[in-house]
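2 protein chains.
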Amino acid sequence: MVSSALSKLVIIGVGLIGGSFALALRRTGLVGRVVGIGRSPENMQRALELGIIDEQTDNFSAALSGADFVLLAIPVKQTASVMQQMAPCLEDHTIVSDAGSTKQNVIQAARSNLGKHIERFIPAHPIAGTEFSGAEAAFPELFQNKPVILTPLQENNQQAIDRVTALWQHCGANVSLMQAEQHDQILAAISHLPHMLAFSLMRHIHTLSQTLDQGLVPTPGGGGPMAVLQLAGTSLNDMTRIAASSPEMWRDICLENRAALLAQIEAYQQELSALQQMLANHDGESLQKLFSAARATRQEWTAFRNKS
Amino acid sequence: MVSSALSKLVIIGVGLIGGSFALALRRTGLVGRVVGIGRSPENMQRALELGIIDEQTDNFSAALSGADFVLLAIPVKQTASVMQQMAPCLEDHTIVSDAGSTKQNVIQAARSNLGKHIERFIPAHPIAGTEFSGAEAAFPELFQNKPVILTPLQENNQQAIDRVTALWQHCGANVSLMQAEQHDQILAAISHLPHMLAFSLMRHIHTLSQTLDQGLVPTPGGGGPMAVLQLAGTSLNDMTRIAASSPEMWRDICLENRAALLAQIEAYQQELSALQQMLANHDGESLQKLFSAARATRQEWTAFRNKS
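So the protein lines, in turn, are chains L and V.
Residue 4 is where the first sequence starts when you use the working numbering, and the numbers rise one by one after that.
Residue 4 is where the second sequence starts when you use the working numbering, and the numbers rise one by one after that.
For the record, the hints were derived by calculation from the structure and aren't laboratory data.
All clues stand as given, with none of them false.
The list treats identical chains as one, so a pair stands whether inside a single copy or across any two.
In the EDC-like style, the derived pairs of lysine to aspartate or glutamate whose C-alpha atoms are separated by at most 20 Å in a straight line are:
#, residue 1, residue 2
1, 292, 251
2, 80, 286
3, 11, 165
Generate coordinates for the entire structure from the input sequences, incorporating the hints supplied.
Right under this line is the structure:
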């Protein structure tokens with residue numbers, strides 16, 4: 004593991020992710036001074052009180068002067084404007100990384116705003132979180148055994164890649180490297196697509212309930228979707244839990260990772276259409292084969308998690 | 004509530020459902036003698052030991068002679084052949100009902116096998132169960148506050164419908180009446196479709212994992228789907244739990260409720276395509292509206308369950 008000592012660490016956005024990163028590195032004793040930049044004075048004050056940062060400022064040139072490492076832990080949509088403010092103040096040796104949940108759009112923002120500093124900008128995505136947010140929610144163990152994906156650029160300096168890798172390993176994370184396109188595709192598949200399926204299923208049940216004669220299914224709550232949902236069991240419950248997720252957040256994720264998500268929805272629809280065709284053909288043998296293969300993957304995953 | 008006293012109750016298939024029905028009615032003191040018919044001698048012996056039935060036989064005419072009520076609690080695929088054996092032995096006053104999870108096919112079997120006795124055959128579906136099976140698994144509270152759907156026929160005698168309704172109410176169930184077609188459509192939507200979506204999602208992730216350069220995602224377990232799944236969180240986990248369900252059982256359910264399930268898959272595909280179109284059009288406003296509506300239905304359902 005390459006040396007990771009940092010005399011000055013700058014965290015832009017001292018929330019759950021940025022704050023936990025600072026706390027995790029502080030615990031290793033590798034970090035000298037931690038400077039925070041953030042929009043909410045209350046949150047920055049709390050970050051100081053909690054000992055997450057040593058100093059807070061809204062002056063980029065003061066913050067970035069002499070900085071070894073800068074972590075952007077902000078909503079992805081703000082990346083471009085923050086990079087624009089950072090660029091003129093960045094020193095040649097400073098390494099910059101981020102924690103954005105989509106990568107191709109962050110890279111685009113970096114290429115159009117960081118100029119020569121792109122060489123030391125290493126795109127990253129820690130796949131960790133809780134339902135809480137803000138500096139208050141930060142804790143040093145957040146990244147223990149959690150995946151962190153780096154999506155290095157051909158412009159990147161190898162030593163910078165190694166240092167970012169080492170820093171996340173010091174936080175206890177399991178670091179994987181892949182291409183940004185692959186990252187966005189995988190996240191679209193394992194997280195964004197499932198949310199779209201859950202939202203659509205809840206809408207489908209709602210639509211269906213309006214086509215049925217509710218008089219036949221009286222409910223304490225009257226007709227409507229409850230007339231149908233009162234008959235549902237655990238399978239529909241599990242399949243729609245995440246349909247209660249934040250509409251604003253998911254609108255943004257959809258638009259940020261639009262191309263990859265579209266590709267996943269299309270591929271999923273082909274998978275579902277294949278099943279539909281087997282059913283149309285009364286092809287019980289193919290259906291059973293498909294169900295068995297799906298069950299095998301699911302059971303392999305469960306076993307894999309129990310091992311690791 | 005109409006009187007429900009039964010001097011002789013016959014249970015065909017003394018498993019979790021049939022056994023629990025007998026135990027629940029016995030507890031009300033409304034039942035005289037309970038006779039069981041079943042394929043497995045061991046299970047029937049256990050049913051006797053557990054006091055679920057008073058007598059077991061494989062002779063239909065002996066079992067059905069003087070019977071007030073007969074419950075068929077057998078795999079749906081066996082319905083036709085069992086009804087064929089029952090028909091010649093049924094007395095005019097005997098009421099027959101079933102517990103099949105699909106109804107249009109059971110009704111077809113009844114119409115082609117029960118002759119004039121169709122008048123007193125009331126199709127029913129108790130939506131209750133556990134992961135266990137057999138007489139050993141039966142318990143009298145199984146149907147407490149669980150939905151039971153009756154799908155009466157125009158041939159049915161109203162008094163017979165009332166008696167079946169009353170018997171299930173004595174078991175603690177919430178009885179709804181609807182058309183068989185509507186029942187099959189609703190079950191296809193709230194149970195069968197979600198299973199198809201989960202199986203397809205697990206298959207999709209498996210397919211995707213083979214199109215990616217696994218070298219970039221090293222895993223303890225090597226490449227393959229685990230390379231992708233190791234990066235997944237709770238959303239994919241919830242959305243694929245039921246993909247571990249029995250392939251044989253789901254093959255049969257698909258074929259038994261084929262038409263209704265096909266209609267549900269098609270309607271769901273349209274719902275998903277609408278979302279896909281909004282995404283293709285960068286239409287964030289419509290996406291947010293869709294997600295908000297889905298969340299509202301999901302939250303209404305959660306509140307409804309907490310009330311009832």
